[in-house]
Structure formats: C-alpha cells, structure tokens
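Peer 1: First to last, the sequence lines map onto chains H and Y. Residue numbering for the first sequence follows the working numbering, beginning at 6 and increasing consecutively. Residue numbering for the second sequence follows the working numbering, beginning at 6 and increasing consecutively.
It should be emphasised that the hints constitute simulated quantities derived from the structure, not laboratory data. Source: prediction; values computed, not measured. Do not rely on the hints blindly, as some may be mistaken.
Since the list gives no way to pick one copy over another, a pair counts as held whenever it fits inside one copy or between any two copies.
[What the hints assert, rightly or not] For lysine-lysine, the following DSS-like pairs were computed, each having C-alpha atoms within a straight-line distance of at most 27 Å:
| hint | residue 1 | residue 2 |
| --- | --- | --- |
| 1 | Lys361 | Lys122 |
| 2 | Lys361 | Lys318 |
| 3 | Lys49 | Lys299 |
Protein chains: 2
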Amino acid sequence: MGTLALLHASQLVTLAGAKRPRIGKELSELGVIRDGGVLIRDGKIELVASSDEVERNLTALSSQVSGAPNQLEVVDLGGRVVAPGFVDAHTHLVFGGNRLDDFERRARGETYEQIAKAGRGIWSTVQKTRAATEQELFELAKKRVAWFLKCGTTTIEAKSGYGLTLEDELKILRVIRRLNDETPLEIVPTFLGAHAVPRDLSPDKYVDLVINEMLPRVAKEKLAEFCDVFCERNYFDVEQSRKILTAAKMLRLKLRGHVDQLSNFGGAKLMADLGAMTADHLERTDEQGIAALKSAKVQPVLLPGSVYALGLKEYPRAREMIEAGLPVVLATDFNPGSSPTPSMPMILSLACTQMKMSPAEAISAATINAAYSLGRGDRIGSLEVGKSANIAVFDCEDYREIAYWFGLPRTHSVYSVGERVL
Amino acid sequence: MGTLALLHASQLVTLAGAKRPRIGKELSELGVIRDGGVLIRDGKIELVASSDEVERNLTALSSQVSGAPNQLEVVDLGGRVVAPGFVDAHTHLVFGGNRLDDFERRARGETYEQIAKAGRGIWSTVQKTRAATEQELFELAKKRVAWFLKCGTTTIEAKSGYGLTLEDELKILRVIRRLNDETPLEIVPTFLGAHAVPRDLSPDKYVDLVINEMLPRVAKEKLAEFCDVFCERNYFDVEQSRKILTAAKMLRLKLRGHVDQLSNFGGAKLMADLGAMTADHLERTDEQGIAALKSAKVQPVLLPGSVYALGLKEYPRAREMIEAGLPVVLATDFNPGSSPTPSMPMILSLACTQMKMSPAEAISAATINAAYSLGRGDRIGSLEVGKSANIAVFDCEDYREIAYWFGLPRTHSVYSVGERVL
Numbered sequence: 006m007g008t009l010a011l012l013h014a015s016q017l018v019t020l021a022g023a024k025r026p027r028i029g030k031e032l033s034e035l036g037v038i039r040d041g042g043v044l045i046r047d048g049k050i051e052l053v054a055s056s057d058e059v060e061r062n063l064t065a066l067s068s069q070v071s072g073a074p075n076q077l078e079v080v081d082l083g084g085r086v087v088a089p090g091f092v093d094a095h096t097h098l099v100f101g102g103n104r105l106d107d108f109e110r111r112a113r114g115e116t117y118e119q120i121a122k123a124g125r126g127i128w129s130t131v132q133k134t135r136a137a138t139e140q141e142l143f144e145l146a147k148k149r150v151a152w153f154l155k156c157g158t159t160t161i162e163a164k165s166g167y168g169l170t171l172e173d174e175l176k177i178l179r180v181i182r183r184l185n186d187e188t189p190l191e192i193v194p195t196f197l198g199a200h201a202v203p204r205d206l207s208p209d210k211y212v213d214l215v216i217n218e219m220l221p222r223v224a225k226e227k228l229a230e231f232c233d234v235f236c237e238r239n240y241f242d243v244e245q246s247r248k249i250l251t252a253a254k255m256l257r258l259k260l261r262g263h264v265d266q267l268s269n270f271g272g273a274k275l276m277a278d279l280g281a282m283t284a285d286h287l288e289r290t291d292e293q294g295i296a297a298l299k300s301a302k303v304q305p306v307l308l309p310g311s312v313y314a315l316g317l318k319e320y321p322r323a324r325e326m327i328e329a330g331l332p333v334v335l336a337t338d339f340n341p342g343s344s345p346t347p348s349m350p351m352i353l354s355l356a357c358t359q360m361k362m363s364p365a366e367a368i369s370a371a372t373i374n375a376a377y378s379l380g381r382g383d384r385i386g387s388l389e390v391g392k393s394a395n396i397a398v399f400d401c402e403d404y405r406e407i408a409y410w411f412g413l414p415r416t417h418s419v420y421s422v423g424e425r426v427l
Numbered sequence: 006m007g008t009l010a011l012l013h014a015s016q017l018v019t020l021a022g023a024k025r026p027r028i029g030k031e032l033s034e035l036g037v038i039r040d041g042g043v044l045i046r047d048g049k050i051e052l053v054a055s056s057d058e059v060e061r062n063l064t065a066l067s068s069q070v071s072g073a074p075n076q077l078e079v080v081d082l083g084g085r086v087v088a089p090g091f092v093d094a095h096t097h098l099v100f101g102g103n104r105l106d107d108f109e110r111r112a113r114g115e116t117y118e119q120i121a122k123a124g125r126g127i128w129s130t131v132q133k134t135r136a137a138t139e140q141e142l143f144e145l146a147k148k149r150v151a152w153f154l155k156c157g158t159t160t161i162e163a164k165s166g167y168g169l170t171l172e173d174e175l176k177i178l179r180v181i182r183r184l185n186d187e188t189p190l191e192i193v194p195t196f197l198g199a200h201a202v203p204r205d206l207s208p209d210k211y212v213d214l215v216i217n218e219m220l221p222r223v224a225k226e227k228l229a230e231f232c233d234v235f236c237e238r239n240y241f242d243v244e245q246s247r248k249i250l251t252a253a254k255m256l257r258l259k260l261r262g263h264v265d266q267l268s269n270f271g272g273a274k275l276m277a278d279l280g281a282m283t284a285d286h287l288e289r290t291d292e293q294g295i296a297a298l299k300s301a302k303v304q305p306v307l308l309p310g311s312v313y314a315l316g317l318k319e320y321p322r323a324r325e326m327i328e329a330g331l332p333v334v335l336a337t338d339f340n341p342g343s344s345p346t347p348s349m350p351m352i353l354s355l356a357c358t359q360m361k362m363s364p365a366e367a368i369s370a371a372t373i374n375a376a377y378s379l380g381r382g383d384r385i386g387s388l389e390v391g392k393s394a395n396i397a398v399f400d401c402e403d404y405r406e407i408a409y410w411f412g413l414p415r416t417h418s419v420y421s422v423g424e425r426v427l
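Start from the sequences and build out the full structure, keeping to the hints where you can.
Peer 2: Spelled out as structure tokens, the structure:
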C-alpha cells in the first residue's frame with residue numbers, strides 16, 4: 006500500500022460535497038479542480054486539491070517516510086481528466102453462453118417478446134447457466150470483470166437470476182462473492198431469483214420456492230445485500246412481486262426492482278410502497294409513477310443500453326425525472342440478451358444523445374448517485390477525503406469528452422482502493 | 006518483413022471470392038474457415054486455409070529458410086476470430102479543436118441546423134483548423150490514427166473540408182499524405198473543398214474558387230484520389246455540386262458525395278448521373294434515388310454514427326437498399342460535429358440494432374464492399390492470396406460477437422501489411 010500522489014489532472018472531477026444523492030441542478034455540480042491532484046494513503050483519499058497543494062503535502066510527507074522511499078509513488082497524469090471510478094448499479098454479470106442467435110433474430114425484425122415466446126430469450130441463458138459449473142461461471146465472469154475495469158468502472162452491482170433453482174441461484178451468488186474477493190472490482194450482490202418463472206413450475210409454486218427456500222438460504226449465507234424482482238406481464242405480477250420483496254425485507258435485504266420496462270405495469274408505485282432503494286428501467290412509467298418514486302425517495306436507475314440494443318425507440322424520460330427532482334442513476338444493465346455492454350462511457354453517450362442529459366448530469370448519475378443507490382454514498386462515488394481511492398483516468402482534457410467520443414472508451418488508467426488495476 | 010503464420014483462428018472470416026462488391030445474399034457469404042490460418046510473406050497473403058494446411062506449408066518453408074530462423078514467426082491465435090482489417094470509407098480525420106459545446110447544446114435540445122446557424126457547427130471547426138499549423142494538425146490526427154487501429158481498422162478514407170481556403174485545404178491534404186506515409190494506417194485522400202461555403206464569400210464565388218484554384222492545385226500535387234461535395238440546402242445545391250464534380254472528373258479525380266442527409270435533395274440522382282463511386286449518407290433518399298444508384302452502380306455509404314450522435318431517429322433504409330441489390334458500405338463518418346467515433350465495431354452494432362442488417366451483412370459492408378468503394382477491392386478487404394495482409398484479431402469465438410458486444414471493441418491485435426501494429 007503506502008502513499009500515492011496523482012498530479013496534474015487537467016480537470017479533477019471530484020463530485021465532492023453531497024451528503025445524499027444529487028437532484029435537479031446539483032447534478033451539474035461536478036466540483037472540478039483544474040490542474041488537480043489526489044493524495045492517497047493505504048487505499049484511502051487523504052487530500053484532494055490543486056497539484057501545487059498536493060505537492061507541498063508530499064514534500065512534508067516524504068521527509069517523514071524517508072526511511073522507506075519505495076513506499077511513495079508520484080504519478081504525473083499529464084493533463085488528463087480524472088474522475089471517480091464509475092459505479093455501475095445494475096448488471097447481470099454471471100451467466101453461461103451468449104445470446105448471439107437472439108441478436109441475429111432481432112436484426113431480422115423479431116421482437117424481444119417473440120424471441121422469448123419461441124423458447125429463447127432468458128430461458129436459453131438459464132439452461133446454459135445451469136449446465137455450467139461454479140468454476141466455469143467464475144472463469145467466464147472474470148473475463149468480463151476485466152472489461153468493466155477497461156471502461157473505468159470500479160464498482161458494480163451484480164444479480165443472480167439465470168439459475169432459477171435453489172442450487173443454481175446459490176451457485177451464481179457464490180461466484181459473485183468469489184469475484185468480489187479475488188478481483189479488483191468491487192461487486193455488490195443482488196438476489197434476483199424472481200427473474201423469470203422456470204418452465205417446469207407454475208408462477209405461484211415458484212414464488213413459494215423463492216420465498217420459502219431461496220430467500221432464507223441467501224440471507225443465512227449472507228450471499229446478497231439486495232433482493233430484486235422482474236415485475237412485468239408474463240414474469241411476476243404486482244402482487245407476486247410484493248410478496249417476494251416483502252419477505253426479502255423481513256430478512257433485512259434491501260430492495261431493487263425491474264419495473265415498467267415493457268409496459269406501465271404499476272411497478273414504480275410498488276417500489277415506492279415498499280420503500281425500495283431503486284426502481285430500475287422505467288421506460289413506460291407515467292407521471293403518477295414518477296410522483297410515487299419522488300415522495301418515497303426511491304432512486305430511478307435508467308438503462309438506455311437495453312433500449313438501444315433491442316432497437317427500441319422509447320428511452321426512459323430522464324428529463325422529466327430530473328425536473329421532478331428524482332436522484333437519477335445510470336447503469337449498463339450488462340446482460341447477454343438485451344444489453345451486451347460493460348461500458349459506462351457508452352451509457353453516458355446514450356444518455357446525452359438519446360435522453361438529452363448533459364454530460365455533467367450523466368457523470369453524477371454514473372458515480373455519486375449510483376454509489377448512494379447501492380448504500381455506499383459515504384465510501385465511494387466521489388473524490389473526497391476518507392473515501393476509497395477508486396479513480397478513473399481518461400485520455401482527454403475535458404470531462405465532456407468521456408461522453409462525447411463513443412464506441413471506444415477513453416480510459417487511460419484505473420485505480421481501485423489505491424492500487425493501479427489498468 | 007519475412008514470413009508470418011497466424012494459426013488457430015476459431016473462425017477465419019475470409020470474405021474470399023468476390024470480383025466486385027457484394028450484393029443481396031452475397032453479403033452474408035463470409036467464407037468462414039474454422040480453425041483457420043494465414044501464411045504471410047513480405048506483407049502479402051500467401052495462403053489462407055485450415056491451420057493444419059498452413060502448418061504443413063510452414064514445415065516445408067522453414068526448411069528453406071533455415072539459414073535465417075528469426076525471419077519466420079508463428080502466432081497461435083488461441084481460438085480467436087480473425088477478419089480482414091476494417092476499411093472505413095468515410096472519415097473527416099484532420100481537424101482542429103472539438104465540438105464539445107455543440108454536443109452539450111444538442112443535449113439541451115438544439116438541432117444540428119440551429120447550432121450551425123448560431124455560427125457554431127462546421128464553421129467553428131474551420132476556424133480552429135485554419136488557426137492550427139500543419140504540424141499541429143498532424144500531431145492531433147496521429148493520435149486519432151491510433152484510435153482507428155485500436156478498433157481493428159487498417160484503411161480509412163480521409164477528407165479535407167475544414168480549411169475552405171486554397172492554402173488551408175492543401176494543408177489538410179498534406180497532413181493526410183504525411184499520416185499515410187508515417188503511420189501504419191492506409192489513408193485514401195479525398196478533396197472536400199465544397200464542405201461548406203466560407204462566411205466571407207458568396208456561394209458562386211466560392212464554387213469558382215474550388216473549381217479554378219483548388220481543384221487544379223490538388224490534382225497537380227496529386228493530393229487526392231477523390232473529390233467530394235456536400236450537396237444540401239445551405240451548402241451546395243445540385244447545380245453547384247454538378248459543376249464542381251464535373252470539373253473534378255475532368256482532372257481524373259473519382260467522385261463521392263454527401264447527399265440526401267438532411268433532405269431528399271436530389272443528390273443520389275446526381276451521383277448516379279455523374280457515375281460517382283459512392284453516394285454517402287442517404288438518410289432521406291427515396292425509391293427513385295435508390296433506383297438511380299442501382300442503375301448507375303453507385304455504392305451507397307451508410308453512416309449510422311451521425312444519425313445516432315445527432316439524436317435523430319431516421320436511419321438510412323439499409324434493408325430496402327440491400328433488397329434493391331445495392332452494394333452497401335458502412336463507415337464511421339468520423340468527425341467532431343456529428344459522429345465522434347473511430348469505431349467500426351460500433352458502426353456494426355448500430356447497423357444490426359438500428360438498421361436491421363445481419364452481422365454478416367454488416368461485416369461485408371465494412372470490409373470488402375468498402376474496399377471496392379475506394380477502388381481497392383483487388384488489394385484489401387478480404388483474406389485472399391496476393392492481397393495485403395491487413396488483419397484484425399478479435400477476442401471472441403464467433404464473428405457475430407464483433408457487432409454484438411457494444412461500446413468496447415473486442416480487438417485483440419491488428420496487422421497492417423503483415424506487421425503487427427496493435
């Protein structure tokens with residue numbers, strides 16, 4: 006560990022100063038320091054200031070640690086942009102196989118729902134995931150971890166949900182735990198047993214299984230911090246979703262939900278009723294849904310990657326949500342079926358070009374607000390004294406370039422808890 | 006130089022066998038060899054076959070060259086996908102500054118045309134490009150060359166057009182020539198003096214300048230292979246465009262055109278009348294335009310990146326063009342204003358998700374068809390004996406993954422004329 010100084014960022018995007026997720030105009034307040042620097046000790050941020058000031062502290066420090074000079078590293082960032090590592094608050098990291106056939110079918114004009122009905126879609130991924138061993142799933146997901154780091158992401162949320170049996174769901178959650186322990190990416194686990202109804206069970210039987218067998222084991226083994234449900238026609242209706250999430254809450258899991266993606270199904274309102282941390286997707290949510298989220302302080306997690314990749318036109322109405330005062334979050338929705346991207350810079354591009362968010366709003370939504378949505382707003386998501394030194398360096402001079410250039414992330418280097426990992 | 010063998014591609018996408026650009030069902034014929042290999046001598050492809058067959062030839066060869074064993078290199082591709090390097094047939098590589106302010110304005114809801122009228126748009130890039138020295142433009146563009154290589158692209162077309170004075174246009178074309186000479190990227194130069202009318206001249210005066218001063222100098226100094234025009238309301242009308250392109254043709258320049266991007270302006274028909282190599286953009290082209298291109302064998306160059314980045318909804322009608330038998334090409338339109346992406350994999354993703362092209366069609370359009378559109382179909386764009394060894398290796402097992410994963414190109418390594426350049 007030791008001491009690390011990063012000097013001479015053209016723009017040091019600190020996002021400092023928020024004690025809660027940002028709303029409205031606060032989203033645009035990035036707290037940029039020109040020619041900025043960061044001083045890091047033992048993985049934590051000790052000083053965020055102008056490079057001059059960091060250097061002065063460094064001089065003081067180096068006299069103290071002169072006995073161990075190799076413990077002090079100074080990096081000249083050469084005028085690059087520095088920001089907190091992205092926090093990706095919605096991913097499906099662990100799965101077997103891919104969905105290339107579905108991808109090709111969609112290019113031929115089939116819809117997501119048609120493909121699912123034809124026995125492909127989620128179900129084909131469930132079969133491949135069940136057939137894979139824990140070790141195989143670990144190896145596959147470990148490669149993907151490297152992709153996230155390449156895009157400047159240092160924390161992700163990751164859901165189970167491609168197992169749909171007790172053992173297979175536990176298997177996925179154990180892979181997530183091991184990835185969190187053995188890779189530099191911080192991974193926050195979510196139990197999404199209610200991702201789809203398996204083919205061999207009735208919906209009600211499966212809901213019973215989730216509530217009576219899966220949830221208690223997940224809680225007992227502390228395999229998840231959150232519980233999530235896909236609340237949608239042909240998946241889990243509002244009452245089934247309510248039952249599952251209520252049971253999860255009793256077990257002290259925090260709540261997230263896939264809601265109002267394909268239809269305005271009442272999911273946003275449900276998440277508000279239950280006091281969930283987030284309501285995710287929201288492509289079809291109406292004014293009442295937005296108002297319900299607002300009054301219950303539920304954070305909307307917007308996932309433009311899946312709208313894009315499914316070739317749909319209706320993006321979640323980010324502007325309306327921002328104007329309503331919602332603390333919006335952006336995430337990749339990384340998954341093989343509807344959003345095969347690990348790239349938060351790509352999501353920023355989609356947010357700016359398709360949802361008319363400003364680059365600054367998008368960056369806040371992808372860092373500090375996402376950190377709060379994972380219950381980690383006090384630890385990550387901004388560059389402030391005492392926080393984990395999770396830092397992304399971009400090969401550009403202006404933070405807006407992170408969202409502007411698309412298709413090739415401008416990531417130059419990445420630090421996780423003060424260690425260089427890219 | 007010497008001999009290089011690439012072995013064990015899971016899928017070797019050869020695109021072999023086309024003596025002209027591909028149309029209709031031919032677009033899907035990728036000529037994939039499983040467990041394929043390539044033998045390269047002095048930068049040229051000597052054999053494309055199964056890895057077994059390449060290895061047998063290698064054994065024969067190595068006995069011949071045993072006197073100089075370091076001249077023979079064997080690379081195990083480890084089951085990755087191998088394809089011809091992408092050919093990007095439409096870029097604006099050389100410019101000063103960026104268009105971050107325009108980008109932010111668009112996120113606030115302003116249109117491309119509103120921004121141009123407010124004195125920003127192309128004009129702001131022209132000012133920055135004029136103010137830059139040849140050396141400064143070279144350094145800026147050299148960084149961008151590295152981005153193209155990272156995306157698996159080995160040949161690009163590059164246009165002038167941000168100078169709009171004789172000297173500034175020549176300056177840009179000289180930078181392009183130098184980049185072609187000094188970097189591993191092959192760059193095909195296009196003169197686009199008629200990109201916009203400069204603010205201090207009337208349209209007719211500027212057309213005279215292009216025809217009487219710029220074109221003769223460009224031709225005399227052999228600074229361009231192609232001449233291009235932005236044929237659009239407020240830029241150059243059909244008659245002005247015809248005059249310029251006719252003059253260029255007399256000087257033996259081949260023709261391309263920016264047509265029917267913002268309105269159905271008659272540009273496709275003009276390109277057909279003049280026997281142009283390509284008609285580019287075509288977002289608004291109607292059936293008559295498509296029919297005209299077809300009968301004159303003009304290749305359509307589709308640029309979904311600019312539709313995406315401008316936040317527009319109307320993509321060029323690729324399916325209709327393919328069904329009409331047009332030899333479609335895909336390109337990035339890399340430029341600071343409307344398409345800031347160097348990534349052909351991103352363009353493939355857009356083609357599949359937004360324009361309903363299949364992954365195979367998109368790959369043909371981005372390699373062999375693009376090569377023909379640049380007059381280089383006999384030299385690049387496929388992996389065939391005698392062609393330049395311009396090769397992209399992707400970290401995946403199925404060629405469809407190149408278009409499927411988006412936002413982070415899966416490029417593993419790149420060879421240009423047999424030399425590893427990434």
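Peer 1: Decide, hint by hint, whether the structure agrees.
Peer 2: Tested hints:
With identical chains, the CA atoms of Lys361 and Lys122 are at most 27 Å apart between copies only, with a shortest distance of 21 Å across copies and 34 Å within one. Taking identical chains as interchangeable, the C-alpha atoms of Lys361 and Lys318 lie at most 27 Å apart whether they share a chain (14 Å) or sit on different chains (14 Å). Taking the shortest alpha-carbon separations for Lys49 and Lys299, neither the intra-copy value of 34 Å nor the inter-copy value of 63 Å comes in at or below 27 Å.
Checked against the numbered hints given earlier, this structure breaks only hint 3.
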